[in-house]
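Chains as they are written, first to last, in the numbering used here: chain A, 1 to 340; chain B, 341 to 611; chain C, 612 to 912.
These aren't lab readings, by the way, just hints derived from the structure by calculation. We put the CB at the ideal spot given by N, CA and C, even for glycine. The reader is advised that the hints may include incorrect statements.
Stated by the list, open to error - Listed below are several chain A residues computed to face chain B (Cβ distance under 10 angstroms; list not exhaustive): (1) Ser35; (2) Ser172; (3) Val174; (4) Glu235; (5) Pro278.
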Amino acid sequence: MTEPARRLGAVLALLAAVTILAGAGALFVGSAPISARGVVGALVGRGGDVERLVVLDLRLPRIAAALLAGGALAVAGVGFQALTRNPLADPAILGVAGGAAFGVVVAQLGGVGTTVLAALGLTVFAFAGALVAAGIVYLIAASDGRLPLETLLLAGVIVGLFFSAAITVLISVVEFDRLAGVIHWMLGNLRAISPGALGLFGALQAFGVWLILGRARQLNLLALGEEAAQQLGVEAERLKLRVFVGASLLTATVVAFAGPIGFVGLIVPHAVRLVLGPDNRLLVPGALLAGATFLLVADTLARDVIAPAELSVGVITAFCGAPFFVYLLRSRSGSGSLSP
Amino acid sequence: MTAAPIVEFSDVSFAYPEPGRARRRPFRLTALTFGIASGEILGVIGPNSVGKTTVIRLLTRVVTPRSGEIRLEGSPLAALSRADVARRVAVVPQALPAAFPFTVAETVLMGRYPHAPGRFFESEADRARSREAMAQAGVLGLAALPVAELSGGERQRVVLARALCQEPRLLVLDEPTAHLDLRHQAETVALLRRLRRGAGLTVLLVSHDLNLAAEVADRVLLLNDGRIERIGAPESVLDEPTLSRVYGCPVVVDKHPSTRRLTVHIVWGSS
Amino acid sequence: MRLLILIGLLLAAAPAQAFIARDMRGHAVTLPAAPQRIVSLVPSVTEIIFALGGEERLVGVTDFCDWPPAARRKPSVGGMVAPSLEAIVALRPDIVVATDEGNSEATFDELERLGIPVYVVHAHALDDVVALIARLGELAGRGAAVPPLVERLRARVRRVVAAVRPYPRPRVLYVLWPEPVIVPGRDGLVTELIELAGGTSVSATSPGAYPRLGLEAVVASRPEVIILARHGGGDTPTLRATWTRLATVPAIQAGRVDAVAGELLHRYGPRVVDGLELLARIIHPEAQVAAPSRAAGGARR
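Extracted from the complex, chain A is given alone in its bound form (with noise of 0.2 angstroms):
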């Protein structure tokens, strides 16, 4: 095995390790009083069924969540910071977010959720509008079949101002008495999801993920500019379109299950890339371990901190985003990025 792929190991190794803590530690954690010894029952098939019930049902199912939302936002903002070759670049600039919210909205005016549609549920209009938000974005900056850089965020940002202003027109029209949910889903909520649907949810993740890793390597050549990154043999508007399509993806299929989660897509690349360095062939699966825990733990502390009442784990995470920008500001003015 050649030198980097030992590093890439043994990093992935110490990640996993500790995102797997992170997620057994979160089993002892929760509004029901169970003991330790009560966790571990219950783990392992004894144990009262109060006890089965919170910590297989409620608990792991939730946990499994929270690290596959983490792990996909973290990817994704990956993706789409490689693409648009600017570190600022948060899967919900792109307008694929607002799409889904915008979706979401629409379904619950609709009154989803009382009617047949209940079984495909918000799930399906939040992918819709992700998908109808990033085929619109890839319209726009689209031209001659080429997929221009610059005009790909700017497109990105002017769906979502689009899509922010539209669910802005709804949430004003709504009945009164459904304001507060249609608030509280904008959030940006983690619930303990059935097991199918948790599976559904890994396998688009996991697709997702093998679109940008699999062109990780090429991710990187993308830095020396598109022109560059052809001359030396990538096919650059595959490239940016499979990786487009591979972030969008893990986007919608976040915000379809828990609503627009911000900032984790911007920070922990961010975290990762101090780390481990600007290789995407490092970055892509550390951002997906380290998303995984960071979400995790934002979740804990929102259904924890206010315990029985609940948070929704966007706030934690907005919490965590004005604090990011502080060190960012200090840390570019104090180094200066300018070359001599």
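Let chain A serve as the given structure and place chains B and C on it in line with the hints.
Here is chains B and C on its own, set in the frame of chain A:
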């Protein structure tokens, strides 16, 4: 020429697509026909915006000609994949993008991509070749440094090392001495000559520096207004009336009596 | 003979005292026995259960269930929109009572997936409130307490209606929320209460339960009495200032602007009748409707 030309342009025409509003000067390359012989150094010169960089883009399939054909080592360019082209042609660009985050070693290693595009990680052999390339370009000592911390001249040598790492048959240099001080310019010229002699490298040199072209090139191609004005040995192309007409300002060409070296001077305008 | 034995066995095998109830969605809730452990996700429901004397079976409430004061001592499962599922599960409820106007459907789905039956209620009219009291009486095993409670409430309503009958009906604007202006519409409980209290709501024909109204429409409707709802027990001087600027409105000219405690009129428990009496006192002070014996938040000028 005894060997087949490495590159052949046959009646190639090209214009950039005009999105919406027309460019100020609609650009065309018209009926370009020339060849690059194996082992030669061909210099491409001409005024700004005349299409020198576009020639590079056509050659590396970044853009495709409207008409005509380009052949690389006998094969039509259109039939080759990007990786195929990159295995044979390496471009040393003018600059690296701003805020480029990788180290020198990582950057040079990128040059190995076309030889095994399917690999996720580079092999040990790739690393060895990359170290050789860095040594050739004189940047081995900077290997662990981030490129962003280097001076303009050091960066130029890093991209050169990357191009060498590609092990190309044809090396294309786009304004190679633009940021270099005199010493490094001299070193670059010496390096090019060494490479041509030792590795049998063919070189396409695009430059606005006429004296560099005169010094280094075996043949010079003078582009003007999208067409080939002249092509041939430097003495035959770099004559005063032609240059003055093409560049639109008075020019003097001196030929040193003993070294026969050409020097092009601008006639500075009197006040 | 064997057929008779078979039928006999089948009948004997049927669960004894099975409890079946149909909630207001039309969903049938089947329990092996009458529920002994009830979690209420609705403040109105909590109030009704206490009023029926069924609080022993109430094992969990929300943070918003603040009446009667004893309700605050019950274990809480969190907010109405996102209660903690763990807390609910840990209380081992037989049934959870929720509303589709305030709780989220995601909560119903999740509870049902965990095997906890959900009984959904809502109320848009006084008759609904009475029906709700009856249903909750059945759930809490306090069926016997229902008729006396209902009769007391109905008697008070009759007294109010009789007391205000002689007087002309003023136009009443009820402001649920000042910014944007939210008023009771056709389906709002408050509309019916205003009617019974001897007034006519200016927004009675607006569609929905609690629609928004523009300020122009407010002025155009020329209300003779304006009632502002207070939420959470705070005072509302700034609200008042906004309204008193509308000098052409008859209610302002006559100085007939009052504030009431919102929870009396928006929750659909027994205190809704307190609210009715309060409205009657404000709309028809001359009718001299008696104040309730419990201090439940009165009008202040």
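Hints versus structure:
no. : hint   : in the structure
1   : Ser35  : violated (46 angstroms)
2   : Ser172 : violated (37 angstroms)
3   : Val174 : violated (41 angstroms)
4   : Glu235 : holds (6 angstroms)
5   : Pro278 : holds (4 angstroms)
Violated hints, in rising order: 1, 2, 3; the structure is consistent with all others.
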